[in-house]
Structure formats: C-alpha cells, structure tokens
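Colleague: Sequence:
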Amino acid sequence: MKYPVEELDPYSEFSPSEYIEEYYSHVGAENEFLLRFYHDVFSELPKNLTMLEVGGGPTVYQLFSASRAASEIVFTDYLESNLETVAQWVAGLEESVSWRPFASTVAKLEGGASSKTDVEAQCVEERTRAAIRQIIACNVLSGNLLEALQGKRFDVVSSGFCLECISRDEAHFVQALSNVSLAVAKRGYLVLTVLKNSSSYRVGSHRFPSFPVDSSYLRTILASLSFEVQELRETRAEDEQGYDGLIAVLAQRTAD
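With numbering that gives the first Met the number 0 as the guide, the letters of the sequence shown map in order to residues 0 to 255.
Source of the hints: derived by calculation from the structure; they are not laboratory data.
Capping the alpha-carbon separation at 25 Å, the derived lysine-lysine pairs in PhoX-like fashion look like this: (1) 107 <-> 46; (2) 46 <-> 151; (3) 185 <-> 46; (4) 185 <-> 151.
Here are the in silico distance ranges between beta carbons for each label pair: (5) 231 <-> 173: 16 to 22 Å; (6) 95 <-> 150: 29 to 35 Å; (7) 230 <-> 70: 21 to 27 Å; (8) 239 <-> 122: 33 to 39 Å; (9) 25 <-> 186: 36 to 42 Å; (10) 173 <-> 230: 19 to 25 Å; (11) 254 <-> 118: 42 to 48 Å.
All C-beta atoms, glycine included, are put in the ideal place defined by N, C-alpha and C.
Whenever a hint applies, use it, and build me the whole structure from the sequences.
Modeller: Okay, structure coming up:
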C-alpha cells in the first residue's frame, strides 16, 4: 500500500523502528503517565464519537483507551513508513509491532488488577483495530488537513508529540495547531500531548527539531483559538533525551 506524501526534511531520516525502540520498548513512568491520562480522559467523554488522530507516527498505544469512546478513528501522518507500520498492525500481520504490554496496562486500568490481562489486552487491541476506519497521508504544516479529510470535522481531534516536533519556530507551531483546530467540531475536544521545553529530541543517532513549549504557553495559545482547557497534567522526563517532561491536555472548543 502506498501513501504518497511530500517528504519533509529532516524526517527523511526518521526510522519508525528506532523511534519505537527509543521511547516505547517498555511501559516506564512516562508511558504509564500517558496511558493513565488517555484512560481518564476517554472514560469521561461520551460514546460513539468520531475521532481524528493527527501525526500519529508509527504508534497506536494512544488509541487503546480512545477506542472505548470513539467508534470511528481516522489515522493520519505524513510519513509513508509510519503509515505502513500502523497499517501492518491494523491488519494483524505477523511482522507488525507488538503493543501487547501497552494493551495489558490499559486492560488493567479498565478492568482492575484482577482482570485476565492477556485476554483483555487482546480485546483492547481488537477493539482498536475495528475502530480505525481510515489511514490517510497528510502534512499539517501545508494546511491541507481539511482538504485531505474532505472538509469533515470530528468530535475529538488528538495529536501526540507531533505539532511541536514538526515546528522549527513559533510561527510553524501556531500554524500547525491552528490547522489542527479547524478539524474539531462545534463543542468538540482537542487532546494533545507535547514535549515540555524541547528544542530537539533524540531517535537513535539522529536528533530532530522541536519547538519548546510549556503549560502556560499552551493555555494561552489554546485560548486564542477558542479552546478552554479542561485538564492539564505534567510529568518529568525519565531520561535526558532533550526535553524536561511531558504535558498532556484536554481542551474543548468554546466557539463555532
């Protein structure tokens, strides 16, 4: 399957397998923070939502809890290698990445410590596969997001470690966030996870640029785009990889 998309420098050097190995080889403190945040957020949102995942990279862990609330998920990224990695997992191919430790953690959050985690983890995975209806290539910075989606807007738009990581400066970050916000339906929700105070981050032997943001800045820019922050959490970085910590945000659109 081919996903034609404009190649962006420096992400021509991006390796999905190296990225997953660097940040998702195990469920450490950072990933526990993320899984708990997603669990809490999507446990409180209504059911049968439509959801857009923007710049999902090669990962699906961020959709495990979302698939409880979202009956339709459209997955987007701009790198063919990332889209292929996710498509392999959705198809259940033998060579696809295993996210079972993450699914097991989500199963425990959903069912408690006494749940049969392996069986329940498989259910979480299958539920998520069923919810992912489309895998689409798009470049958020080019402003073609709504065009790629044929003008559709979503109850929930989620983006994790994407917008700041494709932005060399504030102008690019504001442009990316503004483009993403246009896909949120009236009174819909925006779910963001971002690196805190990062000017670059490491994947294997490569470093990739990132625009540094903090919680105060996020609150300000979201307010300027007519979003009210409903939940904001932070955690410190596990290792020295170019950022101070992680920020997770749930915000709701307050205007049409």
